[in-house]
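Enquirer: Protein chains in written order, with the working numbering: chain L, 329 to 679; chain B, 329 to 679; chain P, 329 to 679.
In short, the hints are calculated from the structure, not lab data.
Some hints could be false.
It does not matter which identical chain is meant; a pair holds if it fits inside one copy or across any two.
In silico DSS-like pairs for lysine-lysine, Cα to Cα no more than 25 Å straight-line [said to hold, decoys possible]:
#, residue 1, residue 2
1, K502, K477
2, K430, K362
3, K377, K479
4, K449, K435
5, K377, K628
6, K428, K502
7, K430, K502
8, K477, K428
9, K628, K428
10, K428, K580
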Amino acid sequence: MDPDGIDRRGFLALTGGALICTIAGQEVVADEGKIDVEGLSTQVKVPPKVAAADWRGGEPGIRRLASLGPGGQTREYWIAAEPVEWNIVPTHRDQMTAQKVKYGKTKFAAYGYRAYSAGFKAPLGEASVPGPLIEAEVGDTVVVHFRNKLKAPVTMHPHGIFYANEMDGAYKGKWTDPGGFVQTNRTFTYVWEAQEGTEGTWLYHDHGPMDPLPIFKGLFGPLVIRARGEARPDSEFFLGFHTWDPSITGLKTTYYCVNGKAYAGNTPTLEAHVGQRVAFHVYGVDNFFHTFHLHGHRWKEPDGRIADNKTFGPADSFRVEFTEDNPGRWFYHCHVFQHLHQGMNGWYLVS
Amino acid sequence: MDPDGIDRRGFLALTGGALICTIAGQEVVADEGKIDVEGLSTQVKVPPKVAAADWRGGEPGIRRLASLGPGGQTREYWIAAEPVEWNIVPTHRDQMTAQKVKYGKTKFAAYGYRAYSAGFKAPLGEASVPGPLIEAEVGDTVVVHFRNKLKAPVTMHPHGIFYANEMDGAYKGKWTDPGGFVQTNRTFTYVWEAQEGTEGTWLYHDHGPMDPLPIFKGLFGPLVIRARGEARPDSEFFLGFHTWDPSITGLKTTYYCVNGKAYAGNTPTLEAHVGQRVAFHVYGVDNFFHTFHLHGHRWKEPDGRIADNKTFGPADSFRVEFTEDNPGRWFYHCHVFQHLHQGMNGWYLVS
Amino acid sequence: MDPDGIDRRGFLALTGGALICTIAGQEVVADEGKIDVEGLSTQVKVPPKVAAADWRGGEPGIRRLASLGPGGQTREYWIAAEPVEWNIVPTHRDQMTAQKVKYGKTKFAAYGYRAYSAGFKAPLGEASVPGPLIEAEVGDTVVVHFRNKLKAPVTMHPHGIFYANEMDGAYKGKWTDPGGFVQTNRTFTYVWEAQEGTEGTWLYHDHGPMDPLPIFKGLFGPLVIRARGEARPDSEFFLGFHTWDPSITGLKTTYYCVNGKAYAGNTPTLEAHVGQRVAFHVYGVDNFFHTFHLHGHRWKEPDGRIADNKTFGPADSFRVEFTEDNPGRWFYHCHVFQHLHQGMNGWYLVS
Numbered sequence: 329m330d331p332d333g334i335d336r337r338g339f340l341a342l343t344g345g346a347l348i349c350t351i352a353g354q355e356v357v358a359d360e361g362k363i364d365v366e367g368l369s370t371q372v373k374v375p376p377k378v379a380a381a382d383w384r385g386g387e388p389g390i391r392r393l394a395s396l397g398p399g400g401q402t403r404e405y406w407i408a409a410e411p412v413e414w415n416i417v418p419t420h421r422d423q424m425t426a427q428k429v430k431y432g433k434t435k436f437a438a439y440g441y442r443a444y445s446a447g448f449k450a451p452l453g454e455a456s457v458p459g460p461l462i463e464a465e466v467g468d469t470v471v472v473h474f475r476n477k478l479k480a481p482v483t484m485h486p487h488g489i490f491y492a493n494e495m496d497g498a499y500k501g502k503w504t505d506p507g508g509f510v511q512t513n514r515t516f517t518y519v520w521e522a523q524e525g526t527e528g529t530w531l532y533h534d535h536g537p538m539d540p541l542p543i544f545k546g547l548f549g550p551l552v553i554r555a556r557g558e559a560r561p562d563s564e565f566f567l568g569f570h571t572w573d574p575s576i577t578g579l580k581t582t583y584y585c586v587n588g589k590a591y592a593g594n595t596p597t598l599e600a601h602v603g604q605r606v607a608f609h610v611y612g613v614d615n616f617f618h619t620f621h622l623h624g625h626r627w628k629e630p631d632g633r634i635a636d637n638k639t640f641g642p643a644d645s646f647r648v649e650f651t652e653d654n655p656g657r658w659f660y661h662c663h664v665f666q667h668l669h670q671g672m673n674g675w676y677l678v679s
Numbered sequence: 329m330d331p332d333g334i335d336r337r338g339f340l341a342l343t344g345g346a347l348i349c350t351i352a353g354q355e356v357v358a359d360e361g362k363i364d365v366e367g368l369s370t371q372v373k374v375p376p377k378v379a380a381a382d383w384r385g386g387e388p389g390i391r392r393l394a395s396l397g398p399g400g401q402t403r404e405y406w407i408a409a410e411p412v413e414w415n416i417v418p419t420h421r422d423q424m425t426a427q428k429v430k431y432g433k434t435k436f437a438a439y440g441y442r443a444y445s446a447g448f449k450a451p452l453g454e455a456s457v458p459g460p461l462i463e464a465e466v467g468d469t470v471v472v473h474f475r476n477k478l479k480a481p482v483t484m485h486p487h488g489i490f491y492a493n494e495m496d497g498a499y500k501g502k503w504t505d506p507g508g509f510v511q512t513n514r515t516f517t518y519v520w521e522a523q524e525g526t527e528g529t530w531l532y533h534d535h536g537p538m539d540p541l542p543i544f545k546g547l548f549g550p551l552v553i554r555a556r557g558e559a560r561p562d563s564e565f566f567l568g569f570h571t572w573d574p575s576i577t578g579l580k581t582t583y584y585c586v587n588g589k590a591y592a593g594n595t596p597t598l599e600a601h602v603g604q605r606v607a608f609h610v611y612g613v614d615n616f617f618h619t620f621h622l623h624g625h626r627w628k629e630p631d632g633r634i635a636d637n638k639t640f641g642p643a644d645s646f647r648v649e650f651t652e653d654n655p656g657r658w659f660y661h662c663h664v665f666q667h668l669h670q671g672m673n674g675w676y677l678v679s
Numbered sequence: 329m330d331p332d333g334i335d336r337r338g339f340l341a342l343t344g345g346a347l348i349c350t351i352a353g354q355e356v357v358a359d360e361g362k363i364d365v366e367g368l369s370t371q372v373k374v375p376p377k378v379a380a381a382d383w384r385g386g387e388p389g390i391r392r393l394a395s396l397g398p399g400g401q402t403r404e405y406w407i408a409a410e411p412v413e414w415n416i417v418p419t420h421r422d423q424m425t426a427q428k429v430k431y432g433k434t435k436f437a438a439y440g441y442r443a444y445s446a447g448f449k450a451p452l453g454e455a456s457v458p459g460p461l462i463e464a465e466v467g468d469t470v471v472v473h474f475r476n477k478l479k480a481p482v483t484m485h486p487h488g489i490f491y492a493n494e495m496d497g498a499y500k501g502k503w504t505d506p507g508g509f510v511q512t513n514r515t516f517t518y519v520w521e522a523q524e525g526t527e528g529t530w531l532y533h534d535h536g537p538m539d540p541l542p543i544f545k546g547l548f549g550p551l552v553i554r555a556r557g558e559a560r561p562d563s564e565f566f567l568g569f570h571t572w573d574p575s576i577t578g579l580k581t582t583y584y585c586v587n588g589k590a591y592a593g594n595t596p597t598l599e600a601h602v603g604q605r606v607a608f609h610v611y612g613v614d615n616f617f618h619t620f621h622l623h624g625h626r627w628k629e630p631d632g633r634i635a636d637n638k639t640f641g642p643a644d645s646f647r648v649e650f651t652e653d654n655p656g657r658w659f660y661h662c663h664v665f666q667h668l669h670q671g672m673n674g675w676y677l678v679s
């Protein structure tokens, strides 16, 4: 803008954070069209402990399991990271405003986590955004056999649950453990422990060397740890608030989404009945701050305040619970008006 | 910016959210000068239930009232939405920095809610931003006779208080009830119920088919529900934090405001005395996150923490209470420095 | 962008808040290169009470001290505001991503608060960003002898602690007290009182006539008020989350920082041992909202919720405490991915 001032990238960084990250010394900038995550990833060096690890049989996971004392149940998951063709606005319409969504193509090549049966024998559904729900009760051990079927190294990093250092699924440069850099076609076994004091609604996401690009392409999902023996709500919903950025999708606009979809009629249409105990588990996983607002309802916060709207940031996660008492067709939405109007809204139908 | 990249609107959306909304398929973009809300509104179709409704006598409201059991008091309001010439910086000065505010004209054609005496016989003051305070105690029924005197369909949508589905004042495309699309010169009677568990500081705002444009032009106001028999604070203040955007006002800058005004000496100058029980009721109603900060004072949060600054987002609302113990000339302000310096500050005078 | 629309500054204000403030009628805009704070400051008029004050011997402070009843300890500090050459990324590397930080020069002329021994006899270290920790227990009186060695008027304004009106260190235009406009080479004595109900983690910062520029150049620091006799944690860390803006530094990018530094290996590397009681004191002091996230750990919020990530805004401050139970090399970071990847991350090493 100003020939004597800072350059275009600096300007972008100033005016809204268009510099997403730097990978292997290359800046990834939000307005430069579609980012080639796989291409970039070939320039990232394999960390020494990753190269030296014995990758047969998920050894670190098995060692960790052997070292644990007796506890609750062991909950075992087989999850792969896979490419998935994703349609953000399948109906091409916004039911909130009764109009067509105008930005052309709404499909792109996303990444998703996908659940499999034991031993990766058979998929239990499609790869999806968000990935499968991981559930535990306090006292349980969660074992996730994670296979990377993408052409870039990725991981699984959980929030809230206890994990030993080498189980954090985080890339740490030269200190990276094998679970922080899972290469194409490798399988790593994460062992996480739902110790006392970890109960809550959480999320998991990639935290590998390409972070945040794989997250922005869809690699995140919900995790819930319940108190031991806690009754499950009659209806419960897990809602990830996030954005699809044009630099990631190659599409023409930014979509503000719930669970990968934008605009009412495409985002999850939630259903409940009067008299039910209902829980909304909400988390954020983009660069923005959002609010969770629900029409016609309110709830008690842990501090005793009554609320019908709640601010949260990236990786914040929380649970809203109430007994359903109000039938009808209701909106849930982010109350940042711009986000609401770029897709972050959906229906909650109570009969 | 980049001929091979996304277009200008996409760029704007990326770099700060300049795309406000899409109405009847037309994008409303923040840098395109003054938006013609009335003109745009002629292109929005009247929803079927709205067209078919019997608009004589506020029927839906009367039906709802008849169905309610005996409760507390019925509190009846007559409120109209009206055009109002609004001056954001009447003094053209910022007393915080002792300087002239430089952006030229500070008046524009806003929208305001206006209170009337029973039956809309006489106005009880000017239309204003924010609109009149709506008050109730737990157990009360609030009846709002709402008349639209604007040339675009608008509504009243409350937070916090209980309302049946057809009383939510929200446009819902083809499912819109009459209260969600009140056309020019029509009157709709909203019935809202301050049930147990709705106590708190809330807001109300337009949620009609032109949302968020009428809100950004001034259609919002405070709502408070007190515990039954609760003593009122000795001094209390209702403060809406919001922004006037150039695309709405046609003016040369964005004003960061409290109750429609920008810069100390224009924003409300609040007054209290040592020894008084004081309450600040604060809410946000724009696209931004703010903080409420008060010099020389602090308060206990519901969770027991002591605070002198509090983050809140769009449609968050809360109450800060303390016993006044510190005389002098104090600032209240948003602690986002940019917002503070574009007008979001005011005086609190304690004698 | 649009010749018929608003001008460039208005555009910048819209698209990300590049207008920082207006000083003496001159707009300070974020993309216009390095701001001349000293030059601008010569155009700000000295307020009448400041010009008329007797500046010998910190009179207002001594008067205030004399008026206080007997209490706890008086804790006396000698602190100067000074220029300091500051290196944001001394290693020029980011250990989180194992890569070089590419934006050239990382040094600039910052401002820092610097602690001195009694009577300003000898410095107790370098001027630094943040400034020295100010500590008190409930019941104590904090006396800060503040000397301005910068070429622009600055102040010290505390959060949380009690202070009488003339001790707030805030510029208030024509109502400014001497403590709100401390000119070059002058010394002002602030008296602040850690009354009952002020306990917590807080911050202090400049709030003089050039605000927020001196803050953005480094004039802020931590303040903690403990309960009387409260045991200190075994390890505790004070972490200010903030940004260095190119308009302030003259450097080529925005750095998202913790305690003045950007990128793991440059930001504070924190250390603790298993079994220790650990406290993180966190505050924000820029235009942005952040989150505090710590890998491998979680804590109980005052409302009873368990969290491993917490949203906070400018001037919010809080304390996270837990007993250390998890050895290893961990990250702490802001979970806004863009901030994380522009430097807001660091190491927490547990042995």
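Enquirer: When Cα atoms must be at most 25 Å apart, do K428 and K502 count as within-copy, between-copy, both, or neither?
Expert: Close across copies (13 Å), not inside one copy (49 Å); limit 25 Å.
Enquirer: Treating 25 Å as the Cα threshold, decide for K377 and K479: within, between, both or neither.
Expert: Within. Shortest intra-copy distance 20 Å satisfies the 25 Å Cα cut-off; inter-copy 53 Å does not.
Enquirer: Can you give me the call for K449 and K435, within, between, both or neither, at a CA distance of at most 25 Å?
Expert: Cα proximity of K449 and K435: none, with 29 Å in one copy and 56 Å across.
Enquirer: Can you give me the call for K430 and K362, within, between, both or neither, at a CA distance of at most 25 Å?
Expert: The answer is both: 20 Å in one copy and 22 Å across copies each meet 25 Å.
Enquirer: Classify it for me, K430 with K502: is the Cα-Cα distance of at most 25 Å met within a copy, between copies, both or neither?
Expert: Cα proximity of K430 and K502: across copies only (19 Å, versus 46 Å in one copy).
Enquirer: Evaluate K628 and K428 at a C-alpha cut-off of 25 Å and name the case that applies: within, between, both or neither.
Expert: neither (37 Å within a copy, 46 Å between copies)
Enquirer: Could you place K377 and K628 in one of the four classes (within, between, both, neither) given a Cα distance threshold of 25 Å?
Expert: Neither. Shortest intra-copy (48 Å) and inter-copy (34 Å) distances fail the 25 Å Cα cut-off.
Enquirer: Between copies, within a copy, both or neither: which fits K477 and K428 at Cα up to 25 Å?
Expert: neither (36 Å within a copy, 30 Å between copies)
Enquirer: One pair to classify: K502 and K477, alpha carbons no more than 25 Å apart. Within, between, both, or neither?
Expert: Classified as within: same-chain Cα gap 24 Å, cross-chain 43 Å, threshold 25 Å.
Enquirer: With identical chains, the pair K428 and K580 could be close in the same copy or across copies; at 25 Å between alpha carbons, which is it: within, between, both, or neither?
Expert: Result: close within a single copy only, 15 Å intra versus 32 Å inter.
Hint compliance for this structure: hints 4, 5, 8, 9 are not met, and every other hint is.
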